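K.L.:
Respectively, the protein sequence lines represent chains U and V.
Per our numbering, residue 5 is the first one in the first sequence, and the count goes up by one each step.
Per our numbering, residue -9 is the first one in the second sequence, and the count goes up by one each step.
In case anyone wonders, no lab produced these hints; they're calculated from the structure.
No experiment lies behind these values; they were computed from the predicted model shown.
A portion of the hints provided could be inaccurate.
Unchecked claim - The calculated SDA-like cross-link candidates involving lysine to any residue, where the alpha carbons are at most 20 angstroms apart (straight line), are:
| id | chain 1 | residue 1 | chain 2 | residue 2 |
| --- | --- | --- | --- | --- |
| 1 | U | K47 | V | E23 |
| 2 | U | K159 | V | F464 |
| 3 | U | K98 | U | K32 |
| 4 | U | K131 | V | D187 |
| 5 | U | K47 | U | S144 |
| 6 | U | K53 | U | V69 |
| 7 | U | K131 | V | V412 |
| 8 | V | K519 | V | V412 |
| 9 | V | K313 | V | G374 |
| 10 | V | K519 | V | H462 |
| 11 | U | K32 | U | D102 |
| 12 | U | K32 | U | K131 |
| 13 | V | K518 | V | M350 |
| 14 | U | K72 | V | D187 |
| 15 | U | K131 | V | M350 |
| 16 | V | K313 | U | A143 |
| 17 | V | K519 | U | Q129 |
| 18 | V | K39 | V | S409 |
| 19 | V | K518 | U | P130 |
| 20 | V | K39 | U | Q129 |
| 21 | V | K313 | U | K131 |
Claimed, not checked - Covered stretches of chain V, as calculated for chain U (at least 3 residues, CB under 8 angstroms):
| id | stretch |
| --- | --- |
| 22 | 36 to 42 |
| 23 | 132 to 145 |
| 24 | 322 to 330 |
Said to hold, decoys possible - With beta-carbon atoms standing in for the labels, derived distance ranges:
| id | chain 1 | residue 1 | chain 2 | residue 2 | range |
| --- | --- | --- | --- | --- | --- |
| 25 | U | K47 | V | T604 | 50 to 58 angstroms |
| 26 | U | A106 | V | G374 | 55 to 63 angstroms |
| 27 | V | H479 | U | S45 | 45 to 53 angstroms |
| 28 | V | E23 | U | A106 | 38 to 46 angstroms |
| 29 | V | S522 | U | E95 | 41 to 49 angstroms |
All residues carry an ideal CB built from backbone N, CA and C; glycine is no exception.
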Amino acid sequence: MRRKSSVLILASALAVSGAARAAPLDTKTIQIVAKTFDFLSHKPAPGSKVVVTSGAADPAAVQAVLSKMSVSAGKASDAAGAFAIFVSSAEEAKAARDANAAVFTIGPDVGCVNSASCLMAVETQPKVTIYVSRAVAQASGIEFDPNFKMLITEK
Amino acid sequence: MRNALLSSVCTALLLLTAWPASAQTVNYGELEEIFGEPVTTSATGKPQKVSEVPVDMEIITQDDIRRSGADNLPDVLQFVTGLDFRRSSFNEGEVGVRGYDQPWNPRLLVLLNGRPVYEDFYGDVVWAAIPVQLDEIRQIEVVKGPNSALFGFNAASGVINIVTFDPLHDSTDAVTARTGTQALREGSAVATAHVSDEFGVRLSAGGLQAHEFSTRGLPAENAAGLLQPETGTFNIDARWLVTPDVEWAVEGGAGTMKRNFPADETPENDRTTSIRTRVTAATAAGLIDVDLYRNTWNINYLGSQAQQAVNIADDLRVSDLFKIGADHTFRASFEYKYNQAQGQFFDNSTIYYATYSGGMMWNWDIAPGVTLSNALREDHLELGMKGGIEPQTGLTDAEFNRTLDATSFNSGLVYALTSEDVVRMMVSRGFQLPSLNDLGQQIVPPGAGVVDIGQPALKATSVFNVESDFDHTFSDLGVTWRNALYWQHNADLFGYDAGVPYTIGPNVAYQSANLGSSDETGFEISLKKRASEGLRWNIGYKYAIITDQIWSGIAPGAYSAFQGSTPRHTLDFGAGYGLGRWEFDLMGRWQSRFTDYIYTIANGYEPVILSGYTTLNAHIGFKATDYLTLGATAEQFDEDRIQERAGLATDRRLIFSATANF
Chain U
5 MRRKSSVLIL
15 ASALAVSGAA
25 RAAPLDTKTI
35 QIVAKTFDFL
45 SHKPAPGSKV
55 VVTSGAADPA
65 AVQAVLSKMS
75 VSAGKASDAA
85 GAFAIFVSSA
95 EEAKAARDAN
105 AAVFTIGPDV
115 GCVNSASCLM
125 AVETQPKVTI
135 YVSRAVAQAS
145 GIEFDPNFKM
155 LITEK
Chain V
-9 MRNALLSSVC
1 TALLLLTAWP
11 ASAQTVNYGE
21 LEEIFGEPVT
31 TSATGKPQKV
41 SEVPVDMEII
51 TQDDIRRSGA
61 DNLPDVLQFV
71 TGLDFRRSSF
81 NEGEVGVRGY
91 DQPWNPRLLV
101 LLNGRPVYED
111 FYGDVVWAAI
121 PVQLDEIRQI
131 EVVKGPNSAL
141 FGFNAASGVI
151 NIVTFDPLHD
161 STDAVTARTG
171 TQALREGSAV
181 ATAHVSDEFG
191 VRLSAGGLQA
201 HEFSTRGLPA
211 ENAAGLLQPE
221 TGTFNIDARW
231 LVTPDVEWAV
241 EGGAGTMKRN
251 FPADETPEND
261 RTTSIRTRVT
271 AATAAGLIDV
281 DLYRNTWNIN
291 YLGSQAQQAV
301 NIADDLRVSD
311 LFKIGADHTF
321 RASFEYKYNQ
331 AQGQFFDNST
341 IYYATYSGGM
351 MWNWDIAPGV
361 TLSNALREDH
371 LELGMKGGIE
381 PQTGLTDAEF
391 NRTLDATSFN
401 SGLVYALTSE
411 DVVRMMVSRG
421 FQLPSLNDLG
431 QQIVPPGAGV
441 VDIGQPALKA
451 TSVFNVESDF
461 DHTFSDLGVT
471 WRNALYWQHN
481 ADLFGYDAGV
491 PYTIGPNVAY
501 QSANLGSSDE
511 TGFEISLKKR
521 ASEGLRWNIG
531 YKYAIITDQI
541 WSGIAPGAYS
551 AFQGSTPRHT
561 LDFGAGYGLG
571 RWEFDLMGRW
581 QSRFTDYIYT
591 IANGYEPVIL
601 SGYTTLNAHI
611 GFKATDYLTL
621 GATAEQFDED
631 RIQERAGLAT
641 DRRLIFSATA
651 NF
């Protein structure tokens, strides 16, 4: 019984930590996210601020892809004044939106979109699927090109 | 009526440009980069990833076109599994989807960026006169099976949409020169100008001169008077982002060609022009598309009874694409088309029809990986003849004053069983409309000869298709395995020169007629590995069996006997290797025997059984510099001559090309 409880506790801890800390986004995912910016009604200006929280992605990799933007490592609360933020958890996404209601939040997985915490999450395997939260988009005032919206999975 | 419509369109354009909006037309290139696969609108009118469309679709990419080494569209299409192909002459080839291929195949709707290039006069596609150069094509979308619910009449056996690069988003600048056997002299040029971030224009032009294939073995009357192949085309495509979100496109094209008809090798000299304007904008009511075009054909028939005619088709299409909630997409559409032809084919009278159409598409994402698409369209056609009727034809005004209604539909369920397995279940109905010639020609020679008479009472052919597909992707190998099983019922088939000839005075008369029905059962299986570097290969097989139920009293001919005229077995295959600056490709096609018909004045239609044959093509490409690519292609290198149809045989071709990309 004690052994079963230990397993459950361990599994729960792993699940929680998994939800809180997913693997950092890889370069392919960052590139896809960057291209989706071209399908925004209000495209970011050169030099726009982009924040990457710890564990969300490698800031250097994000800067390499978003070469015309100002990318920095930071916390969720640094979303103030930022155009976009890469977050590693739903909690960070919510905190970022508390700091800046209009920020474009990119989460680690579809769960973050399902919980209406992140605006966007991207899967690249086995094929590219882009998830977007309608509730977050509406709350953030973010609008995508209608043709693009036909190709994404809205939640 | 037509002026009122034009005024409405202008008002709509002004309103659209004034509305706040947040959309533009599909940026194929960037979307393909994002999703890692081609994007298309040819299935439902909605942008979709090709792996998710509710139809059986093949995409031919620019890479495929270049590596084929071909210099014309039918030669590119002939290696697609499920397509039938027979070359009629140097400048003309017939492409069919799933059998029923005929001289002048009327069952396949071909579009250039969504604009029909189908010729309504005869009911066919004059491939060489399409104003597009191979270098400016992004992708060719091949839909197998009816899709009239989206595109209307003549999307009966399938649809081919040729999608070019977008002058707003893509830069295509290329000059190609070709020479080869048959004294080929060919050139094309494509240039794009990005005047600003909001305005782009692409110009293209091309042409060829060559010698016709050898006439050895042709009846003397068919060999006499053949034209030497000649083609010239021009196109302009300008797109303007009026606001960040509203796009206005203007396209214009022209083409001229000399060709020799299938079946009787009659020469003809055609000219075509087109003009199109289109506005796309997103409004609170959805993504609205207003599309207006005019296609004009000048036909100069140079047979024993020389005839001229002009065919003008004006078409207005309006659609609204919108989403309700996260899972439901709708597309409402309206179309008005006015089609008329005037000239000696009609005893200098004018035959016309107006078509009013309305449709609705509903795409429902039922669950992750499960999508249901339904489309329904109603077409109402009003036919008429102005200017009198040749008395000897026996036709009356009352016969022309008629209407025709057609209800077409497409329904498809796409179910992704796993990340690598997709099942599609589809049922659809499409329509093939009789051509203007089928409906109303009145050719009566002054002396004794052949009288050709249309039949205004013709019914449209309906094509009912039931299909089940299964696709599997071997992700580790990069190989796609596709399977399709289908059954088709074709009702109210019709044919030109199909009835039993009768006499009017000293003349022998032929009249278009409905013939009966026909069923087809078939399956296709293919494996394809795509790769720009290293090894790529493909193999596909099609089996089709057709059973005609032709009414008694109908004489067999090229347009009235289908079960023997479609090869039962077709195999296509290819392999290629990309190595640095070099590309090597081999393509092949084998088909079993079939029956074709040759026409002579003396004997009418006579059946000819054509043996099965294999065509092998090879292409070598060498990127000499970053700007210059050289190519050598051997078409049909395995055979000096192939009898692909009764009549003119196809000769081996060697093509040498140089393409400069800027």
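K.L.:
Please go over all the hints and tell whether each is borne out by the structure.
P.N.:
We went through each hint and held it up to the structure:
For the suggested pair U/K47 and V/E23, the alpha carbons sit about 19 angstroms apart, so the restraint of at most 20 angstroms is met. Restraint check for U/K159 and V/F464: the C-alpha separation of about 29 angstroms exceeds 20 angstroms, so the hint is violated. A threshold of 20 angstroms between alpha carbons decides the hint, and for U/K98 with U/K32 the separation of about 25 angstroms lies outside it, so the pair is violated. About 32 angstroms separates the Cα atoms of U/K131 and V/D187, which puts this hinted pair outside 20 angstroms; it is violated.
Restraint check: the Cα-Cα separation between U/K47 and U/S144 comes to about 14 angstroms, which is no more than 20 angstroms; the hinted pair holds. About 14 angstroms separates the Cα atoms of U/K53 and U/V69, which keeps this hinted pair within 20 angstroms; it holds. Simply put, U/K131 and V/V412 have alpha-carbon atoms about 13 angstroms apart, close enough for the 20 angstroms limit, and the pair holds. The straight-line distance between the Cα atoms of V/K519 and V/V412 is roughly 17 angstroms, inside the 20 angstroms bound, and the hint therefore holds.
Restraint check: the Cα-Cα separation between V/K313 and V/G374 comes to about 40 angstroms, which exceeds 20 angstroms; the hinted pair is violated. Restraint check for V/K519 and V/H462: satisfied, since their Cα atoms lie roughly 12 angstroms apart, inside the 20 angstroms limit. For a cut-off of 20 angstroms, the pair hint linking U/K32 to U/D102 is broken: about 29 angstroms separates their Cα positions. Between the alpha carbons of U/K32 and U/K131 the distance comes to roughly 12 angstroms, so the proposed pair stays at or under 20 angstroms and holds.
The suggested pairing of V/K518 with V/M350 is violated, with an alpha-carbon distance near 35 angstroms, which exceeds 20 angstroms. Distance restraint check for U/K72 and V/D187: the Cα-Cα separation of roughly 18 angstroms lies within the 20 angstroms cut-off, and the hinted pair is therefore satisfied. At roughly 30 angstroms between alpha-carbon atoms, U/K131 and V/M350 are farther apart than 20 angstroms, so this suggested pair is violated. Of the pairs offered as hints, the one joining V/K313 and U/A143 holds, with about 19 angstroms between alpha carbons and a cut-off of 20 angstroms not exceeded.
Of the pairs offered as hints, the one joining V/K519 and U/Q129 holds, with about 19 angstroms between alpha carbons and a cut-off of 20 angstroms not exceeded. Pair hint V/K39 plus V/S409 holds up; C-alpha atoms about 14 angstroms apart against a cutoff of 20 angstroms. The suggested pairing of V/K518 with U/P130 holds, with an alpha-carbon distance near 18 angstroms, which does not exceed 20 angstroms. A hinted pair counts as satisfied when its Cα atoms are at most 20 angstroms apart, and V/K39 with U/Q129 qualifies at roughly 15 angstroms.
Simply put, V/K313 and U/K131 have alpha-carbon atoms about 23 angstroms apart, too far for the 20 angstroms limit, and the pair is violated. Beta-carbon proximity to chain U at under 8 angstroms applies to 5 residues in the stretch 36 to 42 of chain V; the threshold of 3 is reached and the given coverage holds. Under the rule that three or more residues need a Cβ within less than 8 angstroms of chain U, the assignment of the stretch 132 to 145 of chain V is violated, with 0 such residues. Under a criterion of three residues with beta carbons nearer than 8 angstroms to beta carbons of chain U, the stated coverage of the stretch 322 to 330 of chain V fails, only 0 such residues being counted.
Range check, U/K47 to V/T604: Cβ separation about 54 angstroms, and the 50 to 58 angstroms hint holds. Take U/A106 and V/G374: their Cβ atoms lie about 59 angstroms apart, and the range 55 to 63 angstroms holds. In this structure the supplied range 45 to 53 angstroms holds for V/H479 paired with U/S45, their Cβ-Cβ distance being about 47 angstroms. A hinted range of 38 to 46 angstroms for the beta carbons of V/E23 and U/A106 is inconsistent with their spacing of about 27 angstroms.
A hinted range of 41 to 49 angstroms holds for the C-beta pair V/S522 and U/E95, which are about 43 angstroms apart.
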